[in-house]
Amino acid sequence: MTLVELKDIRKSFSMGREEVEILHGISLSVEKGEFVAMMGPSGSGKSTTMNILGCLDKPTSGTYFLNGQNINDLESDELAVIRNRTIGFVFQGFNLLQKTSALENVELPLLYAGMQKKERRERAKEALIQMGLEDRLYHEPTQLSGGQQQRVAIARGIVNRAPILMADEPTGNLDSKTSDEIMGLFKKINEKEGTTILLVTHEPDVAAYAKRIVHFKDGMITSDEPNRMVKSA
Amino acid sequence: MISMTEISRTAVRALRRNKTRSMLTALGIIIGVAAVIAAFAVGQGANKSIDEQIASFGSNFIMVFPDRSASSASGTVRYITYDDALAVEREVSGIEAVAPMINTSAQLVYGNTNWSTSVIGSTPAYSLVQDREVEYGRNINDSDVRQGAKIAVIGKTIADKMFFGEDPVGRSIRIKKVPFTIIGVFRTKGQNTMGQDQDDLVLVPLTAAQRRLVRWNTPGRISTIYVKGVSMNALQYIQNETEVLMRERHRIRPGEPDDFSVRNISQMLEARRKTTAIMSMLLGSIAVISLVVGGIGIMNIMLVSVTERTREIGIRMAVGAKSRDIRFQFLIEAVVLSMVGGTLGIILGVFAGHALASFTAAPPIFSAGSIILAFVFSALVGIGFGYYPAWKASLLDPIDALKYE
Ligand SMILES: Nc1ncnc2c1ncn2[C@@H]1O[C@H](COP(=O)(O)OP(=O)(O)O)[C@@H](O)[C@H]1O
Ligand SMILES: [Mg+2]
Numbered sequence: 063m064t065l066v067e068l069k070d071i072r073k074s075f076s077m078g079r080e081e082v083e084i085l086h087g088i089s090l091s092v093e094k095g096e097f098v099a100m101m102g103p104s105g106s107g108k109s110t111t112m113n114i115l116g117c118l119d120k121p122t123s124g125t126y127f128l129n130g131q132n133i134n135d136l137e138s139d140e141l142a143v144i145r146n147r148t149i150g151f152v153f154q155g156f157n158l159l160q161k162t163s164a165l166e167n168v169e170l171p172l173l174y175a176g177m178q179k180k181e182r183r184e185r186a187k188e189a190l191i192q193m194g195l196e197d198r199l200y201h202e203p204t205q206l207s208g209g210q211q212q213r214v215a216i217a218r219g220i221v222n223r224a225p226i227l228m229a230d231e232p233t234g235n236l237d238s239k240t241s242d243e244i245m246g247l248f249k250k251i252n253e254k255e256g257t258t259i260l261l262v263t264h265e266p267d268v269a270a271y272a273k274r275i276v277h278f279k280d281g282m283i284t285s286d287e288p289n290r291m292v293k294s295a
Numbered sequence: 010m011i012s013m014t015e016i017s018r019t020a021v022r023a024l025r026r027n028k029t030r031s032m033l034t035a036l037g038i039i040i041g042v043a044a045v046i047a048a049f050a051v052g053q054g055a056n057k058s059i060d061e062q063i064a065s066f067g068s069n070f071i072m073v074f075p076d077r078s079a080s081s082a083s084g085t086v087r088y089i090t091y092d093d094a095l096a097v098e099r100e101v102s103g104i105e106a107v108a109p110m111i112n113t114s115a116q117l118v119y120g121n122t123n124w125s126t127s128v129i130g131s132t133p134a135y136s137l138v139q140d141r142e143v144e145y146g147r148n149i150n151d152s153d154v155r156q157g158a159k160i161a162v163i164g165k166t167i168a169d170k171m172f173f174g175e176d177p178v179g180r181s182i183r184i185k186k187v188p189f190t191i192i193g194v195f196r197t198k199g200q201n202t203m204g205q206d207q208d209d210l211v212l213v214p215l216t217a218a219q220r221r222l223v224r225w226n227t228p229g230r231i232s233t234i235y236v237k238g239v240s241m242n243a244l245q246y247i248q249n250e251t252e253v254l255m256r257e258r259h260r261i262r263p264g265e266p267d268d269f270s271v272r273n274i275s276q277m278l279e280a281r282r283k284t285t286a287i288m289s290m291l292l293g294s295i296a297v298i299s300l301v302v303g304g305i306g307i308m309n310i311m312l313v314s315v316t317e318r319t320r321e322i323g324i325r326m327a328v329g330a331k332s333r334d335i336r337f338q339f340l341i342e343a344v345v346l347s348m349v350g351g352t353l354g355i356i357l358g359v360f361a362g363h364a365l366a367s368f369t370a371a372p373p374i375f376s377a378g379s380i381i382l383a384f385v386f387s388a389l390v391g392i393g394f395g396y397y398p399a400w401k402a403s404l405l406d407p408i409d410a411l412k413y414e
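The listed protein sequences correspond, in order, to chains A and B.
Numbering (the numbering used here) for the first sequence: 63 to 295.
Numbering (the numbering used here) for the second sequence: 10 to 414.
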């Protein structure tokens, strides 16, 4: 089953008076259960593509089908529902709410899903335990290490049991040992829960965990191949 | 759909995170609401005391004074006389009592004690007109007035200040060095709404005052005539008739001004009621201005807060907050801020009302209506001035908000 389908996606930004095209026709389709790493040098358009995939940004042209639904036609509130139910998103800089406990951060997607407090607590706790943070439930971001913060962010990404987890350079701010731990978690989520994972990275060591590697260069996909030597944690 | 309680909880938490700023922001509302509460309470208190005053000393009387400005213009001074008072009593109908009065101030001496007070010379009708009762001893009577007896009825204050609990009845005091025998003490009336002590006075027979205390040259000259009507309704008629009669007696030709003036006590109280109303209006407009200023303060701080928390908004949108959720969150924050301000303002207003009322000598009245009004008004200010920042927050694009540094 095709979960994600990009067809000839183009994205331009206006730079002063000029329109500069950054993505020159990206086409990509991802099946359910895949673990895809998107690689490429800095400025090659990985994040721009990821933001479109995550329904945080809209393409200038081209079509995006997610779960068989055409995303181009949707209103901002409908996109909010998709970000809430269908996609979990993990950022390079964690993007946790400050002065807010890990538990409450993880509850956030459930809050906007309209879930009752008690059930929210249960589910958020479960997700944090799954990330190995059972003794950090009430810590605020400043009281956590980078790796722990990213685990909280991943817990927030999976708590609503969205079918797709997207991550843009999730290990970009972490040392290599911690990166391996985080990648191990992604791999586990992909294998145990069957969650489809789309990941952006420029580090081969990180991309090595994925089953499929897509290369970007200058706003275009230059190669798209299965990873023959998937790394295990 | 995210519930109101959840949004409120988020709002309160955000405000608590920035306590000092929240308090300072609410200050405008606090002052505004306090002013509303205090203005209403003081105004209502003053009105009630005016009503009580009307009810207690009977507003249904008029006073006749000589008008000095008119008499000096014509060159000759025409005083009001005892005969004028008798004529009014005889010829104007609808009258319950007429009290001719001489007002003077005098030094009282009893033993080593001195006391300066106002002395009234009048007839037994004085007690009727002023609703005064004698608590112990007796009042002056017609025969005292006929004889010009050197007797006096004193107010409670004088009994306290000069006799220190001793029974004053039967004692002799000197009024302007003339010995008078005290025959009674008036029941206390307390302060009037202007804060004047109504028990600091001495009543003596009119004739005794004329002969012993003022020694005026004009025969029969008095200071004032008090005329008490049978009812409030009769008052206007009595006033008109008295004016006609006085002009006749003083031989004032048509077109010439009166050499006396007739005043209606309820008119005087009405004038004071107007002054109170103006004061309330003034305070009320200060209140409205400061509520508006407070509202602008809230809007300002909410705009700053939206900018500062752009990233937070981006995060919330990224995990599924709809623009409505964001709008509500910031709107509720503004409303909570203004309602907390409103509540504190009500408390402050109660204190301020009591403090202000100490100047008007009438206890303030805090009505549930004004408190509810102030509360509702502050909530409306929160909604009114919080809407724009909240709306701006909800228009943010998720990706722009997330990229905001
Ligand atoms: N909002 C924007 N306005 C203008 N240019 C942008 C904007 N966002 C990204 N770019 C440009 O698009 C190109 C691709 O950026 P990005 O997708 O972030 O690359 P990557 O994630 O692969 O490093 C870069 O040259 C970047 O400068
Ligand atoms: Mg990038």
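Keep in mind that the hints were calculated from the coordinates and are not lab data.
Some hints could be false.
To be verified - Derived contacts from chain A toward chain B, CB cut-off under 7 Å, selection only:
1) Glu140
2) Gly155
3) Ser207
4) Lys249
What the hints assert, rightly or not - Straight line, CA to CA, 25 Å or less: simulated SDA-like cross-link-like pairs of lysine to any residue:
5) B:Lys198 x B:Phe368
6) A:Lys279 x A:Gly256
7) B:Lys412 x A:Asn134
8) B:Lys28 x A:Gln160
9) B:Lys412 x A:Gly194
Even glycine gets a Cβ: it sits at the ideal position worked out from N, Cα and C.
Legend entry - Proposed interface contact between A:Ser207 and chain B, which counts if any beta carbon pair is under 7 Å: 20 Å, violated
Inset, instruction - So, A:Gly155 near chain B? Judge it on the closest CB pair being under 7 Å. - result: Hint violated; A:Gly155 Cβ to chain B Cβ min 9 Å, cut 7 Å.
Legend entry - Hinted contact A:Glu140 with chain B - closest CB pair below 7 Å: 9 Å, violated
Inset, instruction - Below or equal to 25 Å on CA atoms is what counts here, so check B:Lys198 against B:Phe368. - result: 20 Å, holds
Inset, instruction - Below or equal to 25 Å on CA atoms is what counts here, so check B:Lys28 against A:Gln160. - result: 16 Å, holds
Legend entry - Hint check: 7 Å Cβ-Cβ cutoff, A:Lys249 to chain B: 23 Å, violated
Legend entry - Satisfaction of hint between A:Asn134 and B:Lys412, Cα-Cα up to 25 Å: 22 Å, holds
Inset, instruction - Verify the proposed pairing of B:Lys412 with A:Gly194, using a straight-line Cα cut of 25 Å. - result: At roughly 29 Å apart (the allowed maximum being 25 Å), A:Gly194 and B:Lys412 break the hint.
Inset, instruction - Assess, step by step, whether the Cα of A:Lys279 is no farther than 25 Å from the Cα of A:Gly256, and give holds or violated. - result: With Cα atoms ~29 Å apart, A:Lys279 and A:Gly256 exceed 25 Å; violated.
The structure is inconsistent with the numbered hints 1, 2, 3, 4, 6 and 9, although it conforms to all the rest.
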